[in-house]
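Quick mapping for you: the protein sequence lines, in order, are chains D and A. At position 8 of the first sequence (counting the first as 1) the number is 8 in my numbering, and the numbers step up by one without a gap. At position 352 of the second sequence (counting the first as 1) the number is 352 in my numbering, and the numbers step up by one without a gap.
In short, the hints are calculated from the structure, not lab data. Here a beta-carbon is modelled for each residue, glycine too, at the ideal position from N, C-alpha and C. Honestly, I wouldn't trust all of these hints.
Estimated spans, in silico, between C-beta atoms of each pair [stated by the list, open to error]:
id	chain 1	residue 1	chain 2	residue 2	range
1	A	K29	D	I219	42 to 52 Å
2	A	G420	D	G150	29 to 39 Å
3	A	R8	D	I219	48 to 58 Å
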Amino acid sequence: MNSIATAVSMPETAVQEGTDVDHKIEYPATTVGAPFVDKAKLRMRGIDVFYGDKQAIHNVSLDIGQHEVVAMIGPSGCGKSTFLRCLNRMNDTIEGCRVSGDIQLDGEQINGASVDVVPLRARVGMVFQKPNPFPKTIYENVAYGPRIHGLASRRAELDEIVETSLTRAGLWNEVKDRLDQPGTGLSGGQQQRLCIARAIAVSPEVILMDEPCSALDPIATARIEELISELRENFTIAIVTHSMQQAARVSQRTAYFHLGNLVEVNDTERVFTNPEHALTEAYITGRFG
Amino acid sequence: MTKSHALRNQEKVRSRIEQNLKRRYRKEKIFRGFGIASIVFGLLCVAVLLTDIIYKGHGAFFQHYLQLEVQYDPETLGIEQVDESALALANFDGVIKDAMKARFPEARDRRARRELYSIPSTDAPFALRDRLQQAPQLLGERETIWVMVDDDVDAFIKSLDEIEGGFRGRVSERKAGWLMSLYESGELQNRFNTQFFTSGDSREPEQAGIKAALVGSALTLLVTLALSFPIGVAAAVYLEEFAPKNRWTDLIEVNINNLAAVPSIVFGLLGLAIFINFFELPRSAPLIGGLVLTLMTLPTIIISSRAAIKAVPPSIREAAMGMGASRIQVVFHHVLPLAMPGMLTGAIIGLAQALGETAPLLMIGMVAFIVDVPTGITDPATVLPVQIFLWADSPERAFIEKTSAAIMVLLAFLITMNLGAVWLRKKLERRW
Numbered sequence: 001m002n003s004i005a006t007a008v009s010m011p012e013t014a015v016q017e018g019t020d021v022d023h024k025i026e027y028p029a030t031t032v033g034a035p036f037v038d039k040a041k042l043r044m045r046g047i048d049v050f051y052g053d054k055q056a057i058h059n060v061s062l063d064i065g066q067h068e069v070v071a072m073i074g075p076s077g078c079g080k081s082t083f084l085r086c087l088n089r090m091n092d093t094i095e096g097c098r099v100s101g102d103i104q105l106d107g108e109q110i111n112g113a114s115v116d117v118v119p120l121r122a123r124v125g126m127v128f129q130k131p132n133p134f135p136k137t138i139y140e141n142v143a144y145g146p147r148i149h150g151l152a153s154r155r156a157e158l159d160e161i162v163e164t165s166l167t168r169a170g171l172w173n174e175v176k177d178r179l180d181q182p183g184t185g186l187s188g189g190q191q192q193r194l195c196i197a198r199a200i201a202v203s204p205e206v207i208l209m210d211e212p213c214s215a216l217d218p219i220a221t222a223r224i225e226e227l228i229s230e231l232r233e234n235f236t237i238a239i240v241t242h243s244m245q246q247a248a249r250v251s252q253r254t255a256y257f258h259l260g261n262l263v264e265v266n267d268t269e270r271v272f273t274n275p276e277h278a279l280t281e282a283y284i285t286g287r288f289g
Numbered sequence: 001m002t003k004s005h006a007l008r009n010q011e012k013v014r015s016r017i018e019q020n021l022k023r024r025y026r027k028e029k030i031f032r033g034f035g036i037a038s039i040v041f042g043l044l045c046v047a048v049l050l051t052d053i054i055y056k057g058h059g060a061f062f063q064h065y066l067q068l069e070v071q072y073d074p075e076t077l078g079i080e081q082v083d084e085s086a087l088a089l090a091n092f093d094g095v096i097k098d099a100m101k102a103r104f105p106e107a108r109d110r111r112a113r114r115e116l117y118s119i120p121s122t123d124a125p126f127a128l129r130d131r132l133q134q135a136p137q138l139l140g141e142r143e144t145i146w147v148m149v150d151d152d153v154d155a156f157i158k159s160l161d162e163i164e165g166g167f168r169g170r171v172s173e174r175k176a177g178w179l180m181s182l183y184e185s186g187e188l189q190n191r192f193n194t195q196f197f198t199s200g201d202s203r204e205p206e207q208a209g210i211k212a213a214l215v216g217s218a219l220t221l222l223v224t225l226a227l228s229f230p231i232g233v234a235a236a237v238y239l240e241e242f243a244p245k246n247r248w249t250d251l252i253e254v255n256i257n258n259l260a261a262v263p264s265i266v267f268g269l270l271g272l273a274i275f276i277n278f279f280e281l282p283r284s285a286p287l288i289g290g291l292v293l294t295l296m297t298l299p300t301i302i303i304s305s306r307a308a309i310k311a312v313p314p315s316i317r318e319a320a321m322g323m324g325a326s327r328i329q330v331v332f333h334h335v336l337p338l339a340m341p342g343m344l345t346g347a348i349i350g351l352a353q354a355l356g357e358t359a360p361l362l363m364i365g366m367v368a369f370i371v372d373v374p375t376g377i378t379d380p381a382t383v384l385p386v387q388i389f390l391w392a393d394s395p396e397r398a399f400i401e402k403t404s405a406a407i408m409v410l411l412a413f414l415i416t417m418n419l420g421a422v423w424l425r426k427k428l429e430r431r432w
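Extracted from the complex, chain D is given alone in its bound form:
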């Protein structure tokens, strides 16, 4: 009796969670558009993510190409951040979170209990939503990664890494005279660029950015976006963003997530001018979000 009641009530819940649009539009069995590329840096196949009993990501498959910026957009709670965190196994740190599926970095499996996350995270760096510099000096913030991974044997080498990383993050000129001051004393935008400098100091191959500009003002945001475009030459970047304009400005391909499903992946221009899926269109035209 009880189980029947649950079974009956389930579709109702699904409807309540969605919006009016859900009634008319069918979910795609597979992602529409072009989720796969030929020379993929990261290859994800059939990713499911569970928080306890609750499934947050449903069977997502996606490729991220070499030296490409892929933007992930979608309404709040659609699972884009969760998906991003699968790519450097940050979900491991969350109690009760389970990730299944195939994730390959340069053809190497990175999802699985036997994979060591320490070298993986050196290859796949991350920048978080809220700037989170360590409560240490600016120098120590950038030098931390090279130090723990043993990248510099001499002080001069470390100094050089710090300088190049800060220069690449466009922060060197602003902080070169106060490297020994706390990183938390910088402005929000500077802190976020410091976090980017910290991430690129270990020369990662991929940088994951989880809404890196959501806590910043428009000027600081513009600087970060500029920086992302520059970084693309050397790094592969996956960025989660709430701002569609930002996605349009910085990315080559855009992936639209909806309620844990990957609905559409296409060239950014295509997504914002002529979306293939009705849900994508509904989102970018602002009918929900």
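Following the hints, put chain A in place on chain D, whose structure we already have.
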């Protein structure tokens, strides 16, 4: 029509708010008054306590000394030359008695003589021996020296300012007369009592000192700190950062919280059963005291350390893990440095509690009468609160001021410890 209605309504609302405003402010005032009253009450209690203790105890830091003209007469002493064995047998008591007899020749009968001889402390012959040992050439010479007086004499002289005619107690009228003449001629002098800080306990109040208890407390706390801080921090780090959240860890957490509320005497019984009866460690020693107090302070340290670790923002952990730091590196590079001030505060609170603890130490024999200053953690020792307890229990009047003085020393110890903690905290705390 509707407009005037709205206007009237607004006026009504405004007057209501104003009416309520008065009540709100009054409530606020009353609440603030309560707060101030409680603080004033608290301060008053502390002030009364401190004045009482200082008033009663300040006398213990001073002691009356008697001027004596002694002759190191070889005949009286019964020795021919000054050496170790001769000094051990020498009759310094006789020298003191001769000096007293010479000062008060009117005391002729036995009873008067006995009263006369009881004026200097029983420590006086030993002081003479030390003097002669230092300066052997004095043998056969005359010298004026100062020796401590007996506690009854000291109490009598000290009470002269407070009570008309002084508190006589066991001092007879005749003896009081002698003392008054000594006092008026300046042969009795009040001096700073160094012996209080340099010697251990004694049955004679004037010879009793705090040093043994002070050193005992320091050693015991050292053992407690050395054991409880690392163990407590390690347990807290494991429980917060590594342990899976399941029924077992929940059970452990509940038990730690319960242990923090267990009466301390239970830990004393535990220490008696385990450390003394089972492991046969030396009883009355700071080692066992420290072990027992470690058991008692561990829950406090674990709980406060966990709170300090929890207060470290998760974003710092994420940042470090995102850089590829291992869990150990995250803990040692980021979590522990940020949590250290909070952990230290917890440790100091725990140690302050341990410093004032008496009950569990009674169970493991630290209540014994111990005269020698301990030199190591396995020597028999006593601690400050136990010493206070012992002195408060002694019948001699002079122990009243000793008790209060010991309390002052204990409070000074505590304040020094807390100041040290505040200083450490300030030094370690990162301000951003």
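Whether the CB-CB distance between G420 (chain A) and G150 (chain D) falls inside 29 to 39 Å: 38 Å, holds
Indicate whether the distance between the beta carbons of R8 (chain A) and I219 (chain D) respects the range 48 to 58 Å. 51 Å, holds
With respect to the beta-carbon atoms only, verify the hint that K29 (chain A) and I219 (chain D) lie 42 to 52 Å apart. 48 Å, holds
Figure legend: structure checked against the earlier numbered hints; every hint is met.
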